[in-house]
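**Student:** Sequence:
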Amino acid sequence: MENEFSNRISVKNIVLAGMFAAFLAVMSQVSLPMPTGVPITVQVFAVALVGVILGWKRSVLAVLVYILIGAVGVPVFANFKGGLSGLTGGYIIAWPVMTILCGIQPKTQNTKLNVALNIILSLVGLAVCESVGALQWALLSGSDLKGIIIYSLTAFVPKDIILTVLAVLIGRQVRKMASKAGGL
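Under the numbering used here, residues 1 to 184 are what the sequence shown spells out, in order.
Careful, some of the hints might be misleading.
Estimated spans, in silico, between C-beta atoms of each pair [what the hints assert, rightly or not]:
| id | residue 1 | residue 2 | range |
| --- | --- | --- | --- |
| 1 | Gly73 | Ala178 | 31 to 37 Å |
| 2 | Leu32 | Met177 | 30 to 36 Å |
| 3 | Leu113 | Gly18 | 32 to 38 Å |
Distance condition first, Cα-Cα at most 25 Å in a straight line; then the derived PhoX-like pairs of lysine-lysine [to be verified]:
| id | residue 1 | residue 2 |
| --- | --- | --- |
| 4 | Lys57 | Lys176 |
| 5 | Lys12 | Lys57 |
| 6 | Lys180 | Lys57 |
| 7 | Lys180 | Lys107 |
| 8 | Lys176 | Lys12 |
| 9 | Lys159 | Lys12 |
| 10 | Lys176 | Lys112 |
Read the hints as simulated data drawn from the structure, not as lab findings.
Cβ coordinates follow ideal geometry from the N, Cα and C atoms, glycine included.
Make a model of the complete structure from these sequences and hints.
**Tutor:** Okay, here's the thing in structure tokens:
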């Protein structure tokens, strides 16, 4: 894994980006529609997991492929939607930032510190995602930003914090196993 992502995009990186973009599309369909127009999903888990497993460079490629496919209208987003103009577009456009922060692999001499730093960085990425998402939601719906933030803190954020931490813990193990097997 010493050369995680060279200056040129290799066939291996293209294949990984496509596979993980497909994984994001599948995981996005695990959702519960809400009357507000913003569904409860496990997309944050999938985005964080991709970031941790692939590392920040490869995961950005995978997330950008996924976003571009959905942006042109292919129904890969939650509830088989496409396009970025809806209420959830802000969350989606913030995913590259989240995946970068989830994909940073601290390399201190202390394993527990590495895990803690990975979780903290991932939660910062989640905060960016939630903030950008709430802002677009408020702008497009004409709703009060404060009300959306309060609703999000109740309906989404607790679940997303748990899912992000789980993604980091699971992703680190998957990355370690893949590395031992010579995969990534």
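**Student:** Now tell me if each hint is right for this structure.
**Tutor:** Hint by hint, here is what the structure shows:
Evaluation of the 31 to 37 Å hint for Gly73 and Ala178 yields a pass: the beta carbon distance comes to about 33 Å. In this structure the hint that Leu32 and Met177 lie 30 to 36 Å apart at CB holds, the actual value being about 31 Å. Distance hint check: the CB atoms of Leu113 and Gly18 are about 34 Å apart, consistent with the given range 32 to 38 Å. Between Lys57 and Lys176 the alpha-carbon distance is near 17 Å, which keeps this suggested pair within the 25 Å criterion.
Proximity of Lys12 to Lys57 is assessed by CA-CA distance (about 13 Å); at most 25 Å being required, the pair is judged to hold. For the suggested pair Lys180 and Lys57, the alpha carbons sit about 20 Å apart, so the restraint of at most 25 Å is met. Only pairs whose Cα atoms come within 25 Å are accepted, and Lys180 paired with Lys107 is accepted, the gap being roughly 17 Å. Proposed proximity of Lys176 and Lys12 is supported: the alpha carbons are some 18 Å apart, at most 25 Å.
A C-alpha spacing of about 33 Å is found between Lys159 and Lys12, which places the hinted pair above 25 Å, so the restraint is violated. As the CA atoms of Lys176 and Lys112 are separated by approximately 15 Å, the hinted pair is consistent with the 25 Å bound.
When held up to the earlier numbered hints, the structure conflicts with hint 9 and nothing else.
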